[in-house]
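Student: As a plain string of letters, each chain reads:
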Amino acid sequence: MTNYSDTILQRRRLAILILGLAIFGVVLGVRLFYLQVWQHGKYLAEAISEHTHKYDIPARRGELYVHDGDGRSPVALNQQLNVLYADPSYISAKARTTVAQQLAAATGAKAADYQHQIETAAAAGSQYVVLADRLSNDLAAKIKALNLAGVGLTQHDYRTYPEGTLAAQVLGFVNASDQGQYGIEQYLNDRLAGQPGRLAAKTDTRGIPIATADNVQQAPVDGQSYVLTIDRNIQAMVESELAKQVQAVHAASGGVIVMDPASGAIRAMASYPTFNPNAYSKTTDYSVFLNQAADVQFEPGSGMKVFTMAAGLDQGKVTPDTTYDDPGCYHIDDRNVCNAEGDKPGPNKTMTAVLKDSLNTGVMFVLRKLGADPDKFTLAGKQLLYNYFTQHFGFGERTGIEQANEVAGAVNQASNAAGNDVNYANMSFGQGVSVTMVQMVAAMGAIANGGKLWQPHLVDARLSADGTATPVAPKLVRDHVISQQADQQLNQMLEVVARHGSGWRIYENGKNQGYNIAGKTGTAQIPKPDGTGYIEGANVGSFTGYAPAESPKFVVMVRIDRPGVDGYAETTTVPVFGDICSWLFRYYGIPPSS
Amino acid sequence: MSTAVMTARRNQNLYRQPTKLQLGPTSATFVVIALIVVLALLYLNQITKTGLFTYKVSSLAAQRAQVLAQKQDLSVEAARLQSIQSTQATAAAHHMVPTDQVSYVR
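Going line by line, the protein sequences match chains A and B. Those letters in the first sequence? Residues 356 to 949, per my numbering, in order. Those letters in the second sequence? Residues 5 to 110, per my numbering, in order.
Keep in mind that the hints are not guaranteed to be accurate.
To be verified - The following residues of chain A were derived to be distant from chain B, with all beta-carbon distances above 12 Å: (1) Arg366; (2) Arg415; (3) Asp425; (4) Ala466; (5) Asn530; (6) Ala759.
As the list claims (entries may be wrong) - With the Cβ distance kept under 7 Å, some of the chain A side facing chain B (calculated, not the full set): (7) Ala495; (8) Pro517; (9) Gly519; (10) Pro946.
By construction, these hints were calculated from the structure, which means they are not laboratory data. Quantities reported herein were computed from a predicted structural model and do not represent experimental measurements. Backbone N, C-alpha and C fix where the C-beta goes; we use that ideal spot for every residue, glycine too.
With the hints as constraints, model all of the structure from the sequences given.
Tutor: The following block contains the structure:
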């Protein structure tokens, strides 16, 4: 039996214990309240960030196809390939040679190159250097098996062009940041790229997403695939013909377009020199990325006479048989503006002869006739020519073809200082006016098809995931650019040019016999970059024509820049134009007209 | 109903002493704990299964991605082999002749 004092002591101890526990409980409760209620948002966010990760789900870039006769063939696909990289901080100085040798043995590259890359990065204190890219999965597996410290591989989606250099400038390429550059890849980049998806998911300790109801997933939208109007067989042929001719005449560059005059569909668009979009980074001369047909403007020379004559015929100011006395030169202000090949004066020259013999004075005569006073250049006449060039035939503005770097060219307005008489006299035969090949082809197409100016285009159809093609309708820019009568007259005049004028080589050595072809040459001086005149001895030659003249199936333009041989477009472009026509007649199965 | 069955029923003791199921506090606690444990095990089993399915889904997704990548590789390879350059390099192409003379039947 305990005594009374012991009982009191026990009760006090118990009371202290209970009080201590109560205080502890209160402190614990307050602390828990602080953490779980007051700081709820903060700790919840930390917990979520710890267990939840956000991922980008890449969208598949749309593919590009071209026509292959009646079928279609891919020209831009996607492929998952590998990037080989090194972290020099994990590779000791002694081991670098061995690592480089082992990598070289696996990839077939030079060991010295790898070693140089690793040592340069190490010297710069870098922890990441790309040693090679676009490595196949087989090769990546081989490298992985080497188990080299400081060497890694990552997968990346690459754009692949299975046709190599075919239509390189038309297509462009996709850079390391997955952005389309040049050509259609840049022009349609937003639609080709699609929209990447997002995944916010709870993950395990290894970062692997766990399927829970809380996960938020936004599916990616794959890019749109397209079928282009290009026919790969025609494209390959014109590229080959162009390359041969540029090399044969020692020219700097060249371009060819083949277009369907009934719709403006581009069947081939070639530029030379060219590049391989699979290895675009190895190209040092970036000018080869430019599409000669759309991204480069030039003075067309006599090719422009066709459109000056079209204005005269359409306005009823001249007919093919209208004659004028050719003085050889016109004295305008303080200058003499003359025919190209000597003065060649002579009486009673017809308008057909003006185009056949490419007489500068003849189209200056037409320009004068366009105004109210046939004996001088008037503002009304110049304004009319300006309207035909720009509003009727579309020069001076972009055609809207699906090329990222298309330029507009330049046509001087009649009403300002640049529209003086000398400039307009020159413009009437294609000097002092800048155009692109695609503008020329579209305008010539309007003459070929009876007066419809179609927008030249490269996209033929949108392709759905199941392979169904939805055609994209061609766009008619302007109807009746000239009257039916003027069109027929011009057609006949251009046939004479092709058969008896500067286009005679189309029929050289029995070629293209029985076919009616219409067209016009153009040889122009090349202006100096600083605008102080023209480069001595340099010219750009072109031939733009269509066939068969009575029912045209194709319009072709050939342009050769700065040939290293003597002669005009007659020598540099007409032979290759003739060869292309000859091939196209067989390819399309077009029988001779006679 | 047959006579034999009727006989058997007549001989049965029709009065049954009702059994009273009574659990003491210890047994009741034990049963509750056992039930909780069983339910917890069932829950853990389901959670584990879900987790395993997640890994299976991840693994299948990875396999799918790999197969798609292989398909892409094969598509690219097929396109390369059928490209103009490859076709022109074949032996058959070297033996082809240009069609210079074409006759059309009207």
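Student: With reference to the structure, classify each hint as holding or not holding.
Tutor: For each hint, the structure was consulted:
1. Once the 12 Å rule is applied to beta carbons, Arg366 (chain A) is consistent with being away from chain B; the minimum gap is 30 Å.
2. A Cβ of chain B approaches the Cβ of Arg415 (chain A) within 12 Å, the least distance being about 9 Å, so the stated non-interface status is violated.
3. With a cut of 12 Å on Cβ distances, Asp425 (chain A) stays outside the contact zone with chain B, its closest approach being about 15 Å.
4. With a least beta-carbon separation of about 28 Å from chain B, Ala466 (chain A) lies farther than 12 Å from that chain, consistent with its non-interface assignment.
5. Every beta carbon of chain B lies more than 12 Å from that of Asn530 (chain A), the smallest distance being close to 19 Å; the non-interface claim holds.
6. Look at Ala759 (chain A): its CB is around 24 Å from the nearest CB on chain B, clear of 12 Å, so calling it non-interface holds up.
7. For Ala495 (chain A), the suggested interface contact is broken, since its CB lies about 11 Å from the closest CB of chain B, more than 7 Å.
8. Contact between Pro517 (chain A) and chain B, as hinted, is supported at the beta carbon level, the nearest pair being about 4 Å apart and thus within 7 Å.
9. Because the beta carbon of Gly519 (chain A) sits about 5 Å from the nearest beta carbon in chain B, less than 7 Å, this interface hint is met.
10. Among the interface hints, the one on Pro946 (chain A) holds; its C-beta lies about 4 Å from the nearest C-beta in chain B, closer than the 7 Å criterion.
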